[in-house]
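Participant: Going down the list, the sequences are from chains C and L. Mapping of the first sequence onto this note's numbering: position 6 corresponds to residue 6, and the numbering continues sequentially without gaps. If you want this note's numbering, it's the position in the second sequence, counting the first as 1, plus 103.
Worth flagging that the hints you see were computed from the coordinates, not collected in a lab. Small disclaimer: the values here were computed from a predicted structure and weren't measured. One thing to keep in mind: the hints can contain errors.
Said to hold, decoys possible - With a straight-line cut-off of 27 Å between C-alpha atoms, the simulated BS3-like cross-links for lysine-lysine are:
id, chain 1, residue 1, chain 2, residue 2
1, C, K78, C, K95
2, C, K84, L, K168
3, C, K84, L, K169
4, L, K258, C, K78
As the list claims (entries may be wrong) - Computed list of chain C residues with no C-beta within reach of chain L, every gap over 12 Å:
id, residue
5, G22
6, N49
7, I54
8, D77
9, P90
Don't be surprised by glycine CBs; every beta carbon is placed ideally from N, CA and C.
So you can see what is in the structure, the chains are spelled out below.
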Amino acid sequence: MLLIRCPYCEEERPELEFRNAGEAHIARSANMAGESDDDFEKFFFIRSNPKGIIYERWRHMHGCARFFNAVRDTVTDKFIMTYKAGEPKPAKLPKDSNEVVAK
Amino acid sequence: MAKAAAKTTATASPSAERRPALAGRSVSATDVKVEVLPPAERISLRAPEASVAALSKALGVTLPKKPKTSTSKAGRTALWLGPDEWLVIDEAGNDPLADCAGVSALHSSVGISHRNIAIAVTGPAAEAAINSGCPQDLSLEAFPVGAASRTILGKAEIVLLRTAEDAFRVECWRSFSDYVFTFLSEGARDAAG
Numbered sequence: 001m002l003l004i005r006c007p008y009c010e011e012e013r014p015e016l017e018f019r020n021a022g023e024a025h026i027a028r029s030a031n032m033a034g035e036s037d038d039d040f041e042k043f044f045f046i047r048s049n050p051k052g053i054i055y056e057r058w059r060h061m062h063g064c065a066r067f068f069n070a071v072r073d074t075v076t077d078k079f080i081m082t083y084k085a086g087e088p089k090p091a092k093l094p095k096d097s098n099e100v101v102a103k
Numbered sequence: 104m105a106k107a108a109a110k111t112t113a114t115a116s117p118s119a120e121r122r123p124a125l126a127g128r129s130v131s132a133t134d135v136k137v138e139v140l141p142p143a144e145r146i147s148l149r150a151p152e153a154s155v156a157a158l159s160k161a162l163g164v165t166l167p168k169k170p171k172t173s174t175s176k177a178g179r180t181a182l183w184l185g186p187d188e189w190l191v192i193d194e195a196g197n198d199p200l201a202d203c204a205g206v207s208a209l210h211s212s213v214g215i216s217h218r219n220i221a222i223a224v225t226g227p228a229a230e231a232a233i234n235s236g237c238p239q240d241l242s243l244e245a246f247p248v249g250a251a252s253r254t255i256l257g258k259a260e261i262v263l264l265r266t267a268e269d270a271f272r273v274e275c276w277r278s279f280s281d282y283v284f285t286f287l288s289e290g291a292r293d294a295a296g
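With the hints as constraints, model all of the structure from the sequences given.
Facilitator: Encoded structure:
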């Protein structure tokens, strides 16, 4: 079973306790009414769906129930790192993931 | 809130008899016993860091701040569920909701005594019985005595508390209790197998 590290529980937990919650770091506009239709479409519908590294929101549904962010490789399904919600996108991924990034 | 509840109980007619779900059910297999525990008082407590000290004082039990831990004092147990969330169980018959009512620090306490059912799984094979449907590592190194966690059992969400090396308390929602009890009974038979 896939083990996912929850940054709030500070340990790896089985995947059955988690739910995916879509792509991370999609900022909601402060002035939603002023958004053009094109910008709104981008915010609301368009997702990057990359092959490789993706930044996602996950929720420890059947654990601490907290949302957090995870960096995952969509090819290998390997979780490279997880970090708390609200923290900025990591500038540098941990070293042991270099191999995965290079792919 | 607590006062109102007490009044209702005092004037309740015999026809308003309470029938706890699964009351008295128990299953024994070799090395493991699954049994429903008597009703207890419970609250779901949410509070920011700044209120924890005041609430701990009012409840008489220190709210744990470390993940997957619990604290216990005089029949009252506080289980860490999340960074700002606790489950407080009182088996001594005192109402933790009333104790929180006098705290002015920001918090939310909700009485959930009747929402949950507690099931005790005891015996040398208790760990194996629960692991039949719970994916967590329940070895003593990873889940020592006093460890508590919300997790899943089969398809139902449970709160698990290790009360002794070979004893667990499984808390689940009342409507899931039949499923959880049956699941644990089957797990117990398999574990004994």
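Participant: Each of the hints needs a verdict: does it hold here or not?
Facilitator: Outcome of the hint check:
no.	hint	verdict
1	C:K78 to C:K95	14 Å, holds
2	C:K84 to L:K168	17 Å, holds
3	C:K84 to L:K169	16 Å, holds
4	L:K258 to C:K78	25 Å, holds
5	G22	21 Å, holds
6	N49	29 Å, holds
7	I54	24 Å, holds
8	D77	17 Å, holds
9	P90	21 Å, holds
Violated hints are absent here; each numbered hint is respected by the structure.
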